Every structure is written in structure tokens, then in C-alpha cells.
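Taken in order, these protein sequences are the chains called A and B. Read in this note's numbering, the first sequence has 348 at position 348, and its numbers run on one by one without any break. Read in this note's numbering, the second sequence has 83 at position 83, and its numbers run on one by one without any break.
It is possible that part of the hints are untrue.
As a list, the in silico DSS-like pairs of lysine-lysine whose alpha-carbon atoms are at most 25 Å apart [claimed, not checked]:
1. A/K578 - B/K6
2. B/K6 - A/K334
3. B/K59 - A/K537
4. A/K578 - B/K95
5. B/K59 - B/K6
Chain A residues, not near chain B, derived (Cβ > 12 Å throughout) [stated by the list, open to error]:
6. M1
7. K333
8. Y559
9. K611
Rather than coming from a laboratory, the hints here were simulated on the basis of the structure. Just so it is clear, the structure is predicted and the values come from calculations on it, not from any experiment. Just so it is clear, CB atoms sit at the ideal spot from N, CA and C, and this is done for glycine as well.
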Amino acid sequence: MELGETALTIALLLTVYALIAHIIGIWKKKNELFDSGRIAIIGLAVLTTIASIWLFNLFITRNFQYEYVAIYSSLDLPMVYTISAFWAGSDGSLLLWAWLISIYIAIIAARGKSYDNLIKHAMPVILVTLAYFFYMLLTVSRPFKMLDFMPADGNGLNPMLHDPGMLFHPTTLFWGYAGVLIPFALMVAGIYLSDDTWIYRARRWALWAWLGLALGNLFGSYWAYTVLNWGGFWGWDPVENASFLPFLTMTAFYHSTMIQERKGGMKFWNILLILFTWELVIYGTLLTRSGIIASVHTFGQSVTASYYINYMVVVLAATLILVAWKYKSIQSKKVFESFVSREASFLYNNWIFIAATASVLWGTTYPLLSEAFRGYKVMVGPSFYNQVNVPLGIALLFLMAICPLIGWRKASISHLKRNFTKPIVAAVVAMVIAFAIGIRDIYALFAGVAGSVLVISTHFIDFSRIVNRQKKLEDAGTLKNIYRAFWNNRRTLGGYICHIAILMIIVSATGAVIYEQTQTFNMRVGGSYSLGDYNFKLTSIDQYTKGNKDVQAAYFDVYKNSERILTNAEARMYHYVKQESTTVKPMAYTVGIDDLYFSAQAITADSATVKIKVMPWMFLMWIGGFYVLIAGILICISTVVPIRPKRTFYDINTNQDNKTIAEEDI
Amino acid sequence: MNRKLKNMLGIGIVAVLIIYLGAQSFSNALSFYYEVGEFVQKADSLNGKVVNVNGTIVKGSTIWEPEKARLTFKLGDNNGTITVVSNEGMPGNYKEEIPAVVTGYFVNGTFQATVVVTKCPSKYGGDIDHGDHNET
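All chains, please: the whole structure from these sequences, using the hints.
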């Protein structure tokens, strides 16, 4: 038998064994069964790793007798993209997903101390899912399927996937997808056991998954911007929406868990949020892999659609039945005393995210519904998403500005005056200055200027208060006080850093959309053309071969105020000989606060037709997204000492339903 | 009216407003999506309306005029063919005999495309060349 499928078959058997061991262990209350189940989990992770390494090996050795390798690689494919072809198709993507899940649960299984009753009850949920994925990998989505002949060469990878983005976008997204399963399973176990402590365990995994989803979306956006020539950083295409949806609900979940942690509220809401996040992960996979949706990006057909739909239906039905069965134990405490309070700001935050999710889900799914129930296909354009989500984004920005300083329970008028007078004055002054220097757009003034100043000032004020508290506690000098305040409050401040990252992304998107200047030029060599403050001179045209493609390049010198600021900026077109395919490689250059974006439409021996865009503030999006956001999340994750209330450790020999949960304010 | 009721009313008005704006923009953002065969049958009634048409780029039909950045090709399926003209330059991943979706309007017997999108990058795939191979 073939190595990859042998490894996956044994992994499936071990998964089933671990599942049975857990179920009987719970039923018969035998701890030794959990120990053998844990060993089986580590074993299945080793086997899935072997299968994955084997698939890498098949690509590296270009073994085209394997259908998947033959479809997604070729002899002339550069090695780095040959390796990344692993996840170029649905079969490899599913293997990557299963691999990451198996690694996550192996880490949990290997840490014996934390393998408590909650995780013992959560593990069967994960194992059932994993067994289902292994079954699919062995039957309908087979990366190790062999051909009965050896092709001389493979089809090759889609030219648009020949980019470093291919290394990072799918992997980070599946890191998030795999991570979502853990909090979902903990939630199911928590309901079954009537154990509210699932939220603490889930929150840390949710943070990990959220980082993966955030990076996956950001890499996708960066890829669209620099490679795919879709004309910007976000196009509201169903492919993008599919990965954006679970990110939105996961963000809502991460915020609302704080209310459950602190106040014991929003329990039912949190259950629904994590349930729908996991459902949206599967739904996203279904949309991008099944070909069921009418998109501008014509998806291939796959037989896996029914498998994902069946899984979604079973998960939804089973969870809702469980929730109905245990509904009495999911009673939240009343936490909302006032509409003007920290608690309420979390609620509004959730409403905004749910409204955004609903709009994106509706726009993405409507073509399916239209075809199914009305008999004709339609497409939903980006204007719908923008008109709904831009106001929601602005509301979120102002909510982000309010949240650090608004009081818990009920904010009085004097409290609001004391905390918000300075930030509001600063925002108004900033708006006046912005207006005076020529900013007239209402979105730029309110969202870009006032919103930014409010967010930064309220976060800064709260940080300075934290430092002052540290100073009163133990004054060790300014720098040490700041360091200690930061370290002791890194979960809160990590969150604040994430807020600043989101602010940077919102400001850059606002700047790029409002102040973008675009023009298409048909230029002769030596000609000069102006756009905004810039003058573009086409200096030469070149044609050369690089690797597996022919390159046509138009070179520009760029001037601002008669001063040359950029030399040999390129607009490129690639022709892939093997694929007989031509693609445009957009090129973006950051000059000061502007991105100069060159997108070639046609290049001849002595002329070029090039669309040029000037997009201000784009650099903030990538700095905010890739550096600040990662830093913020890592700081949050660094709170390795779990913040959890006293909790009753549930021994499986006890009657769960009679237990009560001790809580403390944290 | 007590304060709580006033707040609820305020939130309700905002929610209704958002839903209303969403519904308005939704109907404006919708455009029809046809296969080539369907479109050919309805072309006359759709004259001038922005629609999306899905089909396969016909082999040997491409005329590329780089000095004008103009691309002309035929898009077809089993039930019909239309001529598509795009002045937006060469679309990414352009190749004959692959599926494409064109967005634009039909005028004077030609489909004027404002957007031409070829097969999704995540779904390249395809049949394996059985021609030159070693039997195993």
C-alpha cells in the first residue's frame, strides 16, 4: 500500500481508537483509557506528520505518478513554489488542515497536567471531526491518489500562485481554521458538563486561532494588492468573504468572553458565537472548494460539497439539541445595568460585528438562494458591502475610542466629563487643523482624523493611569514603572496594541479609498505624464526571460516637484510559456506616505499602456497588520499564567448536573 | 417614557435605519449572471444593462492589440457564442480554453466588458496530459 495513504489509514484507526477510549473512559470512569487515548492522539499526529512530509517529498522529487502532484506542479516550477503546491488544491489543503488539528491536540495530549475532565469531554468532538477529515482524505479528497501511468511533466502551478504569498496566506488561514475547532469542542464539553470554565480555556485558543485568521486575511489582502491585480487590497469577492466571516464572529467572541469571565454574562451568546464561527469555517471551505457559488472567480467542481454540508448540518443540529437539553444550566447573570457602561460597549461591539457578519454572509449567500428559490443567478457587487460596512467600521472606531475609559456598570455624567473632555477637545482641534490644511472629505475628517485622535488619546490616557497606579504601588523610576505597568497588564495593553493596529488599518483603508488617484496612460518611450503631485516618465522597455516566464517590463522615473524620487520603477507583464498564460504583475512602491501602484495593461516594443494609482497611507495597513497586530497578540498570548477563577475540579465520578461553579472577580 | 424605553427606541431606530440602507444598497448592487447560451437568448432584452456572463474563451478567437490595450475574444458554451471586447488591457491569467466571467453590457452585437476575470487562482487543476508518458 502507498505510504501516504497507509499513514492516513493508521491515523484514522488511531483516531477511532482514541475516540472510543475517551467515550468508554467517560462512561466507565477509567482513567487508564484516557492515558492510552492520549498516546493514540500523539501517534496519529506523528502519522499525519509522516503523511505530510511524504507529500512534500513527492512534490520535491516531482513524482508525477501522483495525480495531485501532476496537477499542481511541473518540472519548471521553482522549488519554493513546488513546496507550496502542497496546499494549492483542496486535497492538500484538507491534509494541511487535518495535520494542524492533529498537532494541536497532540500538544494538549502531551501536557498531561492540563488533561482534565473538560478536555476529556472536548476531545471526542475533535476526534470525530478529525476522523471525518481522514475519511475524506482516503475516499473523496485523495492527495495520494496514483495514476496508472507516469506523465512526463505536470500541469504546473497557476501562475498567480507563483508568489511568496502562497507560502503564508493558506498556511496562516488553516492555522486559524484548525484553531477554531478547539474552542468549539471546549464549548460543547462545557455545555455537557455544565462547566462554565470552558470559556477560560477557549479564550486562549480563540486568541491563537484569531491571530491565524487575521494573518490569513491580511496575507490574502496583501497578495491581492501585489499579485492578483484585482485593483486594490479588498474586492469583496466570495473567496475573500469566506475567510473574512469567521474572523468577524471570532473577533466578536473574543470580546464577549470578557463579559462572561468578569461578570458571568453573555453565556448563551458566546455559545452561539463559537458555534457559528466553526460553522462559518466549514461554510467558507464549502464555498471555496465546492463550486456551488456563482462568483466572478469560477470555482472548480468538487464532490466534497455534500460532505461539508452534511458535517455542517450534523454539527448545528447536535449542538442545538445539546444546548436545548442543558439550557437551564446556561443561565447568564444580568450584567447590563446601563446603556452607557463598559458592559454595554462590549454588547454594541458584538452587535456591530454581527451586523457586519450578517451583511457579508447575506451578500455572499444570496446568489445561491436566488438560484435555488427564484431560478436565476445574480451577483452582488462591492457597493453593497461598502455601503453597509463603512458606517459599521466608523461606529466600531468610535466604540474603540470609548471602551478604555468608560466605567463598568454605569457611567455617570461626571464620569464621562472627567474621562472624555480632553480626548474630545483634542479630536475637535485635530479636525479644525485638518480642515484648515485642506481636508474636506467628511469621512476623512470624522473617521480618519477625529476617530484616530480619540482612539489614540483614550488609549494613552488609560495607559498613563495604569503607569500611575504602578508608581503608587512601588515607585521604581519612570522607565521601570512603565515596564512593570506594561508587563503586569500585558493582556489589557496587548489588546490596546491590537486596537492601534486596527486603527492603522482603518485609517489606511480610508485614505486609500478617499484619496486614491487613478489614470490609465498610453505612453511612448521618453514621454512624461502627470498624476497628482507626481510626474511619470517612461524611460525604457525591456523584454527578458526569468526562470519559467518571459517578462515584459516598462521602466519609469518618477518626479515630484521636479525632483527625481524614484528610478526604474517597473510595470510588468509575465508570459508563462508552459501554461500559455499571460498575467499582469502589479508593482507598488512606497514613496513618503503614498504608494505608487503600476499595473500594466499592454507593453509593446516602444510603448506601454499602464494604469497608475497614487494610494496614500497604504503602508500603514501593512505595518499595522503585520507588525503591530502580531506584537499585540503575542503580548496577549504571553500571559502564560492563566487568568481563571477558582473552579471546582470536576471528577468524572461525580454527578455533573449537581455541581455549582464558584466564581471570583478577576 | 422612561429612560430605558427611550434608549431601546433609539437603538431600534438605528437598527431599522441600517437595515433600510442595507436593503437599498443591496438592490442597487445586484446584477444578473448568465451562462453564454442563456445570455444569447435574452441579449435583446438586456441591451445596455450591466450583466455578468460566464463561459469559456474560444480557442483561436483572441485578438490582442497592445497599442490600444484592447482585447477581443469569443466567449462560448454548448449553446452559443458572443464576441467580447475589453479596453481594460490584458486580464490576469488570460488563456484560451479556460472559463471566464465577463462583466459589462451588450451593445450593437458586441459585449463591452469592463471586467474580465479568468479562472480562480485557487482552482487551477485540470486534466493530466496523457500524451507523452511512460507506462508503469
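Comparing the hints with the structure gives:
1. A/K578 - B/K6: Between A/K578 and B/K6 the Cα gap is close to 68 Å, so the pair fails against 25 Å, i.e. violated.
2. B/K6 - A/K334: holds (20 Å)
3. B/K59 - A/K537: Distance ~37 Å between B/K59 and A/K537 Cα, so the pair is violated.
4. A/K578 - B/K95: Measuring from Cα to Cα gives roughly 11 Å; hence the hint holds.
5. B/K59 - B/K6: Violated, at roughly 66 Å.
6. M1: With a cut-off of 12 Å, A/M1 remains clear of chain B, as the shortest Cβ separation is near 16 Å.
7. K333: holds (18 Å)
8. Y559: At roughly 24 Å from the nearest Cβ of chain B, A/Y559 sits farther out than 12 Å, so the non-interface label holds.
9. K611: violated (7 Å)
Against the hints set out earlier in the document, violations occur for numbers 1, 3, 5 and 9.
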